[in-house]
Every structure is written in C-alpha cells, then in structure tokens.
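Here are the chains, one letter per residue:
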Amino acid sequence: MKKFIIFLSLLVSLSVAEASFEVKEFNTPQQEQRYKKLTNEFRCVVCQNQNIADSNAALAKDLRKQVYNMIIAGKSDDAILEFMVARYGDFVLYRPQFNSTTFLLWVGPFIIFIIGLYMLVSFIRQRKKVVVTNLSSNDKEKLEQLLAEDKDKTK
Amino acid sequence: MNRALLPLLAFIVLVVFLGIGLTKDPRKLPSTFIGKTAPMFTLPLLNERTKTFSPTTMLGKVWILNVWASWCVSCRAEHQVLNSMVSANKVNLIGLNYKDEVTDAQRWLTRHGNPYQLSVSDVEGLAGIEWGVYGVPETFVMDKKGIVRLKHTGPVSNKDIAEEIIPLIKQLEKE
Chain B
1 MKKFIIFLSL
11 LVSLSVAEAS
21 FEVKEFNTPQ
31 QEQRYKKLTN
41 EFRCVVCQNQ
51 NIADSNAALA
61 KDLRKQVYNM
71 IIAGKSDDAI
81 LEFMVARYGD
91 FVLYRPQFNS
101 TTFLLWVGPF
111 IIFIIGLYML
121 VSFIRQRKKV
131 VVTNLSSNDK
141 EKLEQLLAED
151 KDKTK
Chain F
156 MNRALLPLLA
166 FIVLVVFLGI
176 GLTKDPRKLP
186 STFIGKTAPM
196 FTLPLLNERT
206 KTFSPTTMLG
216 KVWILNVWAS
226 WCVSCRAEHQ
236 VLNSMVSANK
246 VNLIGLNYKD
256 EVTDAQRWLT
266 RHGNPYQLSV
276 SDVEGLAGIE
286 WGVYGVPETF
296 VMDKKGIVRL
306 KHTGPVSNKD
316 IAEEIIPLIK
326 QLEKE
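Residue numbers (my numbering), protein chains in the order written: chain B, 1 to 155; chain F, 156 to 330.
Chain B with its partners taken away, still in its complex shape (with noise of 0.2 Å):
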C-alpha cells in the first residue's frame, strides 16, 4: 500500500513537470519562426546564463507570453527587441545592439588584439637587432666557422 501511494505520488509530480511545457498557437509557421528565434535571443535576466526560451523561471515564463502575444498583434521583430531593451537595458539581449555604452564590448576585444599584434612584432624586430649587432667581427668569424662545420657533419 505505502509503495502504491509512493508510485501515485510520483505519477503526480511527473505530470506537474509535464505541465510546464507550454503549447503555443501561432496563425502561421513565420510566425512561430520568429517566436523561436526571439525568445532564444534574449537572455533570462533572473538565471543569467540561460534564454528566455530555456528557462522555467517565473519571469522567463512571463516574457515568453509577452513575447508571444506582441507577435500575434502584429508587432515587428524591433519593436519587440525595443520593448524589451527598454525595460530591461542591452543586458536582455544575448548580441547587444553597438551603442556608447557597449561600445567597448564589441570593439575591445580588436583592440586587445592589436595591441598584442603590436607588441609580438616588436619583440620579434627587436630580437633580431639585438642577434645581428652584438657580433664582432671575430665573433662573425667563429659563427661562419661553425656553420661551416655544421653543414659538413649534416652532410
């Protein structure tokens, strides 16, 4: 008997984890195009590192029908995306719009690179001097010498 109200109790619970996949009609197929690739743009501002598309948090849910119903009114993709940066900043979108303020997320990382090409080359360049003028000449004849050498062994 106990393991019987065990195994009805599970039944229960595993039809509340069902009931929270939510069926969605759209009028046309574009339309439910454009809700996948909405909702998997923005980010769930509660969980951080998931979408609103994957996330059960409460707001995820909220967004989603949000979502959901400004597309069945008619509205554009930016008109959404604009809904939703105005009320919850560039951080909701997963590749922010380039403006002052995210300026330096998009051009940083160029910036970091171009740097750090500047800095390689440098280095290279500068190794290079340093190998050619520390020879003195009876250094540059050792160093022939050697060569020589080598190049008879190899053979």
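It is worth saying that the hints were derived from the structure and are not from the lab. Be aware that one or more of the hints could be misleading.
[Stated by the list, open to error] Taking CB as the label site, the calculated pair distances span: (1) F:Val-278 <-> B:Tyr-118: 27 to 37 Å; (2) B:Lys-24 <-> F:Leu-161: 51 to 61 Å; (3) B:Pro-96 <-> F:Glu-279: 35 to 45 Å; (4) F:Arg-266 <-> B:Asn-56: 28 to 38 Å; (5) F:Glu-203 <-> B:Ala-86: 23 to 33 Å; (6) F:Ala-159 <-> B:Ala-58: 52 to 62 Å; (7) B:Leu-104 <-> F:Gly-190: 16 to 26 Å; (8) F:Leu-173 <-> B:Glu-32: 40 to 50 Å.
[Claimed, not checked] Derived lysine to aspartate or glutamate pairs resembling DMTMM-like cross-links, with alpha carbons at most 20 Å apart: (9) B:Lys-61 <-> F:Glu-256; (10) B:Lys-36 <-> B:Asp-78; (11) F:Lys-183 <-> F:Glu-285; (12) F:Lys-329 <-> F:Glu-319; (13) F:Lys-254 <-> B:Asp-62; (14) F:Lys-245 <-> F:Glu-328; (15) B:Lys-61 <-> F:Glu-279; (16) F:Lys-183 <-> B:Asp-90.
The C-beta atom is built at its ideal place from N, Cα and C for all residues, glycine as well.
Given the coordinates of chain B, assemble chain F onto it according to the supplied hints.
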C-alpha cells in the same frame, strides 16, 4: 622605464579591473528607467478591489514605489525597514504587490504591518514587466514630474534609507 616591467604592469592593470568586477553583483542590472517617465499601469487596490490606482495620480508629489510579494523571503527583512521609515519620515509609499495571491498578500500585511499608503495588486505581473522588474523587492523613487530618479534592486537597508533615499526625497521635494 624598464621594458621588462611592462608585462607586470599590464598584469597589475588586469588584476585591478578583474578585482573591481568581483566586487560588483552580476544580478544587479543598471536600470534603464532613470531619468525617464515612470511606466504606466492601472491596477486594482489590494484592499479595495473595486478601486484602481495609476501612477498619474501621484503627479506633483515625490513618491516611492516598492515592489513586494508575500512569497518573497527578502521582502520580510525589508518590511521592518519600510515600517520604521514611514513612522520616522513623511513619505508617500505605494506598494506594488507582484504576482501574488490576494488573500496571501492581505494576510501578510495584517501580520507584518502595512507601511504603504496603498498597495496595488499585479496578479499577472504585467505592470512588473512594464517597470522592468526582475527580482523582488525593488524600490523606485519618482520626482514631482513623475520621472524615475532612483532604482534600488534587492531589499533596502536602514543605511540605504538614511544615506540614499531620504536625502534624495528631501532634495526632490525642493525641486
């Protein structure tokens, strides 16, 4: 300057920036509403379901909107702070009861005290979306023109009230 020190310098700069990043709470988002007109809603009052409230009725007054819910644990800690704030200062405090059961919310106010002039009940959480609410509790301060001047995410402490909210309200009252 010694060139060999450059990498060390770059490393120190990196450590300082990452260190600053560590002290910030990633859950706190900068509000997009500061300096903008407070979003609209018209919602029924929590205690008088037939009456409604909308932010436009607060035009000409400096007021605070506090988003709360009976299911929100940190609201309970904040509630005592709000209670003492309204007993010590003259402020217009409006509550937005966010995604809550009406009876639960009413019971909560009777048990813990009611610091609000009135609370509106946002069962669907739609006004919450309009205000960009993502974590309860949240607190907004509006000036006389209905422009949002401050947003505080998470529970406010006595220190926040004494050092931030009350001075701001006093300043806004003079505007």
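Each hint, compared with the structure:
At roughly 59 Å, the beta carbons of Val-278 of chain F and Tyr-118 of chain B sit outside the given window of 27 to 37 Å. The beta-carbon spacing between Lys-24 of chain B and Leu-161 of chain F, approximately 57 Å, falls within the hinted interval of 51 to 61 Å. Distance hint check: the CB atoms of Pro-96 of chain B and Glu-279 of chain F are about 29 Å apart, inconsistent with the given range 35 to 45 Å. Look at Arg-266 of chain F against Asn-56 of chain B: about 30 Å separates their beta carbons, and that is inside 28 to 38 Å.
About 32 Å separates the C-beta atoms of Glu-203 of chain F and Ala-86 of chain B, a value consistent with the hinted range of 23 to 33 Å. The hint said 52 to 62 Å for the Cβ distance between Ala-159 of chain F and Ala-58 of chain B, and at roughly 55 Å that hint holds. The hint said 16 to 26 Å for the Cβ distance between Leu-104 of chain B and Gly-190 of chain F, and at roughly 22 Å that hint holds. Evaluation of the 40 to 50 Å hint for Leu-173 of chain F and Glu-32 of chain B yields a pass: the beta carbon distance comes to about 42 Å.
For the hint linking Lys-61 of chain B to Glu-256 of chain F, the alpha-carbon distance of about 18 Å falls within 20 Å, and the restraint holds. Between Lys-36 of chain B and Asp-78 of chain B the CA atoms are separated by roughly 15 Å; this keeps the pair inside 20 Å, and the hint holds. For the given pair, Lys-183 of chain F sits about 18 Å from Glu-285 of chain F by alpha-carbon distance, which is consistent with the 20 Å threshold. For the hint linking Lys-329 of chain F to Glu-319 of chain F, the alpha-carbon distance of about 16 Å falls within 20 Å, and the restraint holds.
Restraint check for Lys-254 of chain F and Asp-62 of chain B: satisfied, since their Cα atoms lie roughly 11 Å apart, inside the 20 Å limit. Under the criterion of a C-alpha separation no larger than 20 Å, the hint pairing Lys-245 of chain F with Glu-328 of chain F is consistent with the structure, at around 11 Å. Between the alpha carbons of Lys-61 of chain B and Glu-279 of chain F the distance comes to roughly 11 Å, so the proposed pair stays at or under 20 Å and holds. A C-alpha spacing of about 13 Å is found between Lys-183 of chain F and Asp-90 of chain B, which places the hinted pair at or below 20 Å, so the restraint holds.
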